[in-house]
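**Student:** For reference, the chains in residue letters:
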Amino acid sequence: MSPSPTVKPGGTAERTRDTAPGSPAVALTDVVKRYGRGPGAVTALDGVSLSVAHGSFTCLLGASGCGKSTLLSLVAGLDDITAGSIDEVDRPVAMMFQESALFPWLTVSGNVEIALRVKGVGRAERRRRAAELLETVRLNGFEHKRPHELSGGMRQRVALARALAQEASVLLMDEPFGALDAMTRDILHDELERIWRERNLTVLFVTHNVREAVRLGDQVVLLSSRPGRVLHVYDVDMERPRRIDSTPVAQLAAEITDALREEVARHGD
Amino acid sequence: MATETRTPAAEEEDRAGRLASGLDELERTPVTETRWGRFATRLWAGTWPKVLALVLVIGIWQLLFFLEVKPAWVLPAPLTVWQDLSDFVVTEDYRRAILITMQRALTGFALSVLIGSVLGIAVARFKPLRAAIGSLITGLQTMPSIMWFPLAILLFQISESTIMFVVILGAVPSIANGIISGIDYVPPAYKRVGAVLGMKGLQLYRHVILPATLPSFVSGLKQGWAFAWRSLMAGELLVIVAGQGSIGALMQGAREFNNAPRVLTWIITVLVIGILVDAFFRAADNRIRRTWGLAQSD
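These protein sequences, in sequence, are chains V and X.
The first sequence begins at 1 in the working numbering and counts up one residue at a time.
The second sequence begins at 1 in the working numbering and counts up one residue at a time.
Just chain X, with the same shape it has in the complex (with noise of 0.2 Å):
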């Protein structure tokens, strides 16, 4: 074993690396399962369940069609609907409606998120800015956003203006509370890090504060959308802008000539359209926890 061209010290040097790295391996946790596998499993695990409510929802709905609970022309059937929908969603009119309402919602989101992270950011920084509107942004947040209509419309006629107004009212307050408990709760350790390393000021926040407020950012935004969502299709309800033909606007036209079918391939797109951006924002947020080790949410 040992050979006489290897030093006591290099032999000692060689015992203490493979103990270290014989520990490493030990302590590591094996990976049992294959990712394909894990895949498949969650696929189908996470499937059933909806299919099957799909399946009782429309059946509960057809029972009511053939009770004639209400008249036909008032809650068509669910096979009606369906055709409305196919018919629909391949014409000029659906995607130009879905166009529009989208870009309204992007801006407006996208507003929203430059203002409420800056007055988050500026209210986690300075106290008395804290103690001035720090309550009064969670008490903005339980405000329901169709009340500010009323003033919005006397303050901005009816335009687009109105609607982005309300959007972003609605949605800056999540925003903002979100990057606020974010960096309240930063973990006092890493900027005692950032400290010894020798950070300051900017670069504290650069380096440490603001990436630690992460995974409190992304639901933030996740929750700033779902009031931007919800404001935006209130207001689209509400405020009929002359030539933009939006999902509110055609959905609001759809009653007035009594198209039920109509009105209920709306609601079906719009359901369609918050489940999607719901699995975006999750799927964020899962990618965050995963690689930061945090509980998996599922």
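Only chain V is shown next, with the shape it has when bound in the complex (with noise of 0.2 Å):
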């Protein structure tokens, strides 16, 4: 591997480059998101346009205040646009987070089936997909055990497992390895990079960790703070499977790193 990175920085400022053919799976246009009213209403995003193109793998990027996971709330709808328009070929969107969130009532088998029991599949045939997904996930033999008796990475995967049994097409991830290890971290990637191949998904992928945004994206997206703009867009041309401490890996996330360094420098001035 390590064939000689081509690394582009996007276009400028907010308008996106042209993406993949065809149409996109997430398109923002304009986005603005405020919170409260009148004087004391605070900008968290302003004018964020995006597209994000089927099966791609998109991480965003950006320093505390950037409103990246206020971004995965508008596209997962959890909450409302002030302005602007989100347009998405298929809802609704999978989403994971930081914390694992997995219901300590129910075993691991069933807090996948959980996914599937709002949706009113049989039991059946939830537990025969909720198997499917655990052993995607590599977490085969461990249906009956409750979530407090797994590890953190494993936690997570079960939280995917629970994601993928949406079987939505988008997948929007909060740092969702965040609180993990490096080696388990490293793992992880291995495992969403397949899953992601596998099954054809679009990913967005919030984090704060850049050699981890290059890692995975094939476009990084990377936000100003305060309020949250999309300052560039690089695309990510290296081959896959990628390592985190590879040597082109390293030069693009040195090269981000420098660009949100002076971002929020600026906030300092």
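Heads up, a few of these hints could be off.
Claimed, not checked - Partial list, computed: chain X residues near chain V (C-beta under 8 Å):
| # | residue |
| --- | --- |
| 1 | 21 |
| 2 | 189 |
| 3 | 192 |
| 4 | 259 |
Claimed, not checked - Heads up, simulated BS3-like pairs for lysine-lysine below, C-alpha to C-alpha not over 27 Å straight-line:
| # | chain 1 | residue 1 | chain 2 | residue 2 |
| --- | --- | --- | --- | --- |
| 5 | X | 191 | V | 119 |
| 6 | X | 50 | X | 191 |
| 7 | X | 200 | V | 119 |
| 8 | X | 50 | X | 127 |
| 9 | X | 191 | V | 145 |
No lab work stands behind these hints: they were computed from the structure.
Since the structure is predicted, the reported quantities are computational estimates derived from the model, not experimental observations.
We treat Cβ as the ideally placed atom computed from N, Cα and C, and that holds for glycine.
The two chains are supplied separately, each in an independent frame; assemble them into the complex guided by the hints.
**Tutor:** In structure tokens, the structure reads:
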């Protein structure tokens, strides 16, 4: 591996460049999100436009206060936008969070099944599909365990299986590996990449870890802070699977980190 | 190692799988103690202090008897009470009294659970209702239930309803408060997951909010039972319904005949029932804590 990475900084500011052929899976146009009213209102997102191609992996990157989690909530429909529009090809979308938020009153299998139960899938079918999904995340044999008996990484895999059970083609991930140790995170990167490819998912992945973004993303979207705007869109044309500690990943990560630092320093003036 | 039948991709896949399961294995907490070993140690650790305490109490009692602090017909010897207890427990009167009292307790408690749950969910769900009666419920909880009897007797005369009224008034606030605080403290992350999975309204309550309140609900039940039981004992001593030889009625009768051993027999009986019911609630509570992975309480 290690072909020379061709890295082009994204188009100037807000407007995204043309993405892959075909319609985007998710398209945001001039999205504005304000909390509160009047002079006390806080603008979390200010004119964010973004196009996410079908089957692509997009990482949203930014310092604190860039509204990256807000952006995901808006795409998920958990919150209403103030202005602009969000076009999604298919709803609902699946979502995963930093905390696995597995229900302690259910077994591992039950936690995956709950996604199907809401949709009215019958018991036998639920069980069968949950077992299949747990195999996908390599947790077969853990069906009857309780969440507290699993490690952090395993819990996130159950949460991933639960998200996959929704059978949405778009998967939103809000810093899903933020609380894990480096080794577990590396393994989960490999697993996520495999599942993303096998299932032809469109992933929108929020992180504050630059290397993680470069390791995973087809494109890395750098957001400014307070208010959140799209600063740059980086294309990551590197062969997969990538290693988080490889030179090309480190080089691009360094470049993005510099841009991120500049953005953070701007707030200190 | 590398056989010609395996593609590099399959090998890579295999390696990834082994790495993941290796890490899983390392991260699991090894179990060192056997279930039985732990059970026996815990049983012993829980038993000997109780036995010692019992021996001490009976010893002091016996001493007071020897010293004749009170006349023997007021404060009988432990052995006299034991004699009365063992003679009395086999009689039909004893069995019937416990049956009547437990029937009242369970009916009152069941009604309280029903009313308390509905009230708790309603108060947690509707803001104006909470503003209206939220603090009233907590206030009622601190009210000694014996205070209700004069009013209850005026309302229902000397009847079963009088006792039920007070038992329910005693237990409902605790049960309602258990549900309310349980709903208030459902982790927001759970509700968010519910929303992402497409749950709305009733579904969210059924699959997320109500199950999440379980630990709080059970501690509300436990407290509610304690209040119901106390109210019932007070009620049975004050409101003696004709023909209903309940624990309280028979105990009051024993006092009227200056039958101190019998009074003490009933005290011991009520204490034992209380301990048994408490053990039941504690077992339920521990079970939930264990399966949920919450801190062990013992």
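**Student:** Decide, hint by hint, whether the structure agrees.
**Tutor:** Verification of the supplied hints:
no., hint, in the structure
1, 21, "holds, 7 Å"
2, 189, "holds, 4 Å"
3, 192, "holds, 7 Å"
4, 259, "violated, 51 Å"
5, 191(X) with 119(V), "holds, 17 Å"
6, 50(X) with 191(X), "violated, 44 Å"
7, 200(X) with 119(V), "holds, 12 Å"
8, 50(X) with 127(X), "violated, 47 Å"
9, 191(X) with 145(V), "holds, 22 Å"
Comparing the model with each earlier hint shows violations of hints 4, 6, 8; every other hint is respected.
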